[in-house]
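Novice: The working numbering puts the first residue of the sequence shown at 31, with every later residue one more than the last.
Hint data in this document are derived by calculation from the structure and do not stem from the laboratory.
Each hint should be verified, as a subset may be incorrect.
[Claimed, not checked] Now the in silico label distances, taken between C-beta atoms and shown as ranges:
| hint | residue 1 | residue 2 | range |
| --- | --- | --- | --- |
| 1 | H48 | A108 | 18 to 26 Å |
| 2 | D123 | T35 | 20 to 28 Å |
| 3 | G91 | A134 | 25 to 33 Å |
| 4 | K156 | A126 | 22 to 30 Å |
| 5 | G92 | L159 | 43 to 51 Å |
| 6 | N155 | H48 | 38 to 46 Å |
| 7 | D124 | G154 | 24 to 32 Å |
| 8 | P106 | S148 | 21 to 29 Å |
| 9 | G66 | A90 | 19 to 27 Å |
| 10 | R125 | E62 | 20 to 28 Å |
| 11 | V157 | P71 | 20 to 28 Å |
C-beta: ideal position from N, C-alpha, C; glycine also.
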Amino acid sequence: MTTFTIIDEGRATAVDAHVDDDRVMVVAGDLERATGWLRKPEGLCRGATCVPVRDARLEAGGRIDLAVLSATLRRPVALDLTEGAAFLGASADDRADQLGSLVAQDFTLPDLDGRRQSLSDHRGNKVLLVFYASW
């Protein structure tokens, strides 16, 4: 058993996990505490939402496989076994809803003079964003 950090919806939660090769198995109760998802007979549930589970590898010995969980919920996951961390991304449906709204998600970055600028500070105005990447 090792401590693993699950990052979901901007919140980091330390949980007990069993790492076997590339599988990260998390105790079901810890998974609920970290993500709000609970394994029930009808599937994976959070609140009134339940997602049917078709993959028998999801659960073994009271533990949930993070990779199978993310595939079941249609959410990408980034696992770093060396650092003991997992990041659950937004589902494709959530990303599509965000894109369909035509409202950009807020972010804050420094300008050329080092002052922090937030996109939300400029709501209602036209904004030209210039991005650069060295790769």
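Novice: Check each numbered hint from earlier against the structure, then list the numbers of those it violates in ascending order.
Specialist: Numbers 3, 6 and 11, in rising order.
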